[in-house]
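J.: Single-letter residue listing:
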Amino acid sequence: GAVVSQHPSRVICKSGTSVKIECRSLDFQATTMFWYRQFPKQSLMLMATSNEGSKATYEQGVEKDKFLINHASLTLSTLTVTSAHPEDSSFYICSAGHRGPGNEQYFGPGTRLTVT
Amino acid sequence: EDQVTQSPEALRLQEGESSSLNCSYTVSGLRGLFWYRQDPGKGPEFLFTLYSAGEEKEKERLKATLTKKESFLHITAPKPEDSATYLCAGGPFGNEKLTFGTGTRLTIIP
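Listed in order, the protein sequences are those of chains Z and D. Under our numbering, the first residue of the first sequence is numbered 1, with each subsequent residue one higher. Under our numbering, the first residue of the second sequence is numbered 1001, with each subsequent residue one higher.
FYI, nobody ran anything at the bench for these hints, they're computed from the structure. There could be a bad hint or two in this list.
What the hints assert, rightly or not - Derived contacts from chain D toward chain Z, CB cut-off under 8 Å, selection only:
| no. | residue |
| --- | --- |
| 1 | K1042 |
| 2 | P1044 |
| 3 | F1046 |
| 4 | L1098 |
| 5 | G1101 |
| 6 | G1103 |
| 7 | T1107 |
The beta-carbon is built from N, C-alpha and C at its ideal position, and this holds for glycine as well.
Just need the whole structure built from these sequences, with the hints factored in.
T.: Given below as structure tokens:
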């Protein structure tokens, strides 16, 4: 149980284009999903918290207009990187909050974004 | 400000050589201390949640313990497949966000 999927696993796009990443909780409903960014050999950096049916809460320093988050249902959240630039190249990981005693987060497999 | 610190940054062990990873935390009103395993190029895999000081949890060769200030992940007789980065994270009550440590990169040498 508690499986989270992400699509695509890898994407290469040209500078100036937009890319959408999907995050789905496959066997549970998640009212809260989280989007992280991870640079090589570094830990996870929380970008935003996504609540179903409401606006996402962004961490300080994360551009809301660049990283658009939508949480349209209890099993799906999307992250759109708009007008991507090479510095946006990174490993993006989503997680879904599981309504257990500790509110564990279960992570997707990640999406490797390369902007050329 | 909530803080989670892991040590060592990297650890190399011979196969079968037991050791412990440390996670010290300062999280207001800790609701849970979480351990994850992350393989290169993959998302973190959930291992354990610890809720209160004195609690212990085990899974195969791994045992996690919790005190009021730190958590340990003990690895007994590790195998090469235990090589990974181990992350710990803390979360406060009333907030689903987690604060992650920077991880310990564990390498088990055959």
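J.: Work down the list of hints and note, for each, if the structure agrees.
T.: Hints and how they fare:
no., hint, result
1, K1042, "6 Å, holds"
2, P1044, "5 Å, holds"
3, F1046, "6 Å, holds"
4, L1098, "6 Å, holds"
5, G1101, "7 Å, holds"
6, G1103, "5 Å, holds"
7, T1107, "13 Å, violated"
The structure fails hint 7 only (numbered hints given earlier).
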